[in-house]
Amino acid sequence: MLAILRLLEQPDCGPSVIVHHEREPVFLYPELAERGWRHEIVDGDAGEVRLRLTRSA
Amino acid sequence: MTRPANPAAANFLGGAKSRLLPSSIPFRFFGGAVFFHLAFWCGVVWAAAEIPNFVIGPGRVLAVLHLLTLGVFAATAFGAAFQLLPVATKQPLRAEWPARLVAWLLFPGVALFAAGIAETLHVPAAIGGILSAAGVMLAGALLADNLARARGMASVVAHGWAAVASLFALAVLGFLLVVDQHHGLFASRNGIGATHAILAVYGFMGMLALGFSYVLVPMFGLAPAPPARAALASCALAVAGLVLGAGGALLGEPAVLAAAAAAGLGAVALHLRLMAGAMKARMRKRLGPSFLLVRIAWACLPASLILGALMALDLWPWRAPALFGAVVLLGWLLTFVLGMLQRIVPFLASMHASGPGRAPPLVSNLTAEGPLAIHRYCHFAAVAGLMAGIAGDWPIVIQVSGAIGAAGAAAFVWFFVGALVRMRNAAR
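The listed protein sequences correspond, in order, to chains A and B.
So the first sequence is numbered by this note's numbering: it starts at 1362 and just counts up by one.
So the second sequence is numbered by this note's numbering: it starts at 6 and just counts up by one.
These are computed hints drawn from the structure, not numbers from a lab.
Note that the coordinates shown come from a computational prediction; the quantities given were computed from them, not determined experimentally.
For glycine and all other residues, C-beta sits at the position ideal for the given N, C-alpha and C.
Misleading hints may appear alongside valid ones.
What the hints assert, rightly or not - Just the calculated beta-carbon pair ranges, DEER-fashion:
1. L1368(A) <-> W323(B): 49 to 59 Å
2. A308(B) <-> A1407(A): 50 to 60 Å
3. E101(B) <-> E1383(A): 55 to 65 Å
4. E1409(A) <-> W321(B): 53 to 63 Å
5. R1399(A) <-> V422(B): 52 to 62 Å
6. G1397(A) <-> A304(B): 34 to 44 Å
7. M288(B) <-> E1383(A): 48 to 58 Å
8. A393(B) <-> D1373(A): 37 to 47 Å
What the hints assert, rightly or not - Below are the SDA-like pairs computed for lysine to any residue, each with C-alpha atoms no more than 20 Å apart in a straight line:
9. K95(B) <-> V1410(A)
10. K95(B) <-> L1369(A)
11. K290(B) <-> L1369(A)
12. K285(B) <-> E1370(A)
13. K290(B) <-> R1411(A)
14. K95(B) <-> L1368(A)
15. K95(B) <-> H1381(A)
16. K95(B) <-> G1408(A)
17. K95(B) <-> A149(B)
18. K285(B) <-> R300(B)
19. K95(B) <-> E1383(A)
Claimed, not checked - Here are some chain A residues pointing at chain B (derived, C-beta under 7 Å):
20. V1387
21. Y1390
22. G1397
23. E1409
24. R1411
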């Protein structure tokens, strides 16, 4: 979660980030919302949860 | 995605979906704690005249104390543990109904037990004691089962085991004290009562507070988890202090009690150093007023151990038990619990309000700052006033402090109910 948040706070971070995670990171969601990012679960490989994070307009 | 900088912290914070309980389980415990917090301060007003010269024994003060220890502390601990421990151990609870049953046993039990010992009514006290003890033992069994299957966060698990062992021991001693009140089992209750108190405050609640701090402080501060080895060393020192403390209280040996306090101070010094490291490395620079409560609680913890040692060595005989109780129960534990609760409640509410295609509400939008500010000022005024009232043997000061504390507790109810209402509205 810290690595993801650090990445999102980089000045050169794009408007969309794909996250590969072992499990659904529900504790991350409130932090994303506070920073103006949305999340959605997208299809991923077996044994992973893949998220697309998008900066809110 | 890049590899996390600290796998332990990232694993805790990252994965939880299969172990996230229905919101009704943690919130029923937190709701009970918030209610009993209000009842506690009302009880302070009611028992004011007896508080300054309190020594362990049945009566109004003991009843009010158990509204706090069982009603507020144990309830908060169970709510937090049922929610957080499965995430830390990477093991879900086997079933949800036993956790709900704990609340059904605990809350009526505490109310009945407090009423019984306040008025020296043996039957209500015994029934309430049995219900409370059953709830506490069931909670302990659930936590032990989860800890036994743990696959992560060794420092949290070690603290959890110490807390659960203390919980079983204090429940047995508490039950024996209730039986003794009617049947006279012991020649002297003081040693048993003191052991029960040490295991409750520093054992069960203390070890959970220290253990969960390794999760909660990094989580709310967005910091790496403190090094596990140092956290385990702190845990080992704390356990040594607990064993010495329980033994010293049972045997009535002041030197052993002082040694226990010294071991406890070593554990706390290491723990606070780790907490300071996490705070220094945190990403979130503005922690908000809740951490003012946490910081004050951290200062009161070592102060309580020093006062405890002075009391044991008879170097501070002046209203020592009541003042010591105020520092350890209100200055440290209650302040810590309320500081953490005001962060946990909106955070959990935000998580539970999110769903597929629905962004979670902002934690800041679920946090009513006004009621929390009222609570904060009232809490500090009430605790300071209560200590002054005890020191000066001024029941009227204690009564006024209790009324201020009750006003603060009512504001905390306002904050809690507001967070639940906003969570439900957001989830629609």
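Problem - Hint consistency between K95(B) and L1369(A) [alpha-carbon to alpha-carbon, up to 20 Å] - result: At roughly 27 Å apart (the allowed maximum being 20 Å), L1369(A) and K95(B) break the hint.
Practice task
Would you check the hint for K290(B) and R1411(A), treating anything up to 20 Å between C-alpha atoms as holding?
Solution key: 29 Å, violated
Problem - A393(B) paired with D1373(A), Cβ distance criterion 37 to 47 Å - result: 57 Å, violated
Practice task
Take a look at whether the Cβ-Cβ distance between R1399(A) and V422(B) falls inside 52 to 62 Å.
Solution key: 29 Å, violated
Handout entry: 20 Å limit on alpha-carbon distance, applied to hinted pair K95(B) and G1408(A)
Key = Holds, at roughly 15 Å.
Exercise for the section: Identify whether the interface hint at R1411(A) stands, where standing means a beta carbon of chain B within less than 7 Å of its own. Expected result: 9 Å, violated
Exercise for the section: Decide if the proposed pair is consistent with the structure: K95(B) and H1381(A), CA atoms, cutoff 20 Å inclusive. Expected result: Holds: K95(B) and H1381(A) sit about 19 Å apart, inside 20 Å.
Exercise for the section: Assess, step by step, whether the Cα of K285(B) is no farther than 20 Å from the Cα of R300(B), and give holds or violated. Expected result: Holds, at about 14 Å.
Problem - Interface hint outcome for G1397(A) [beta carbon to chain B under 7 Å] - result: 10 Å, violated
Exercise for the section: Can you let me know if the beta-carbon spacing of A308(B) and A1407(A) is within 50 to 60 Å? Expected result: With a Cβ separation near 54 Å, A308(B) and A1407(A) satisfy 50 to 60 Å, so the hint holds.
Practice task
Classify the hint on E1409(A) as holds or violated, based on whether any CB of chain B lies nearer than 7 Å to its CB.
Solution key: Status violated, d = 10 Å.
Problem - Evaluation of the interface hint that places Y1390(A) against chain B, nearest CB under 7 Å - result: 5 Å, holds
Hints 3, 5, 7, 8, 10, 13, 14, 22, 23, 24 from the list above are not met by this structure, while the remaining hints are.
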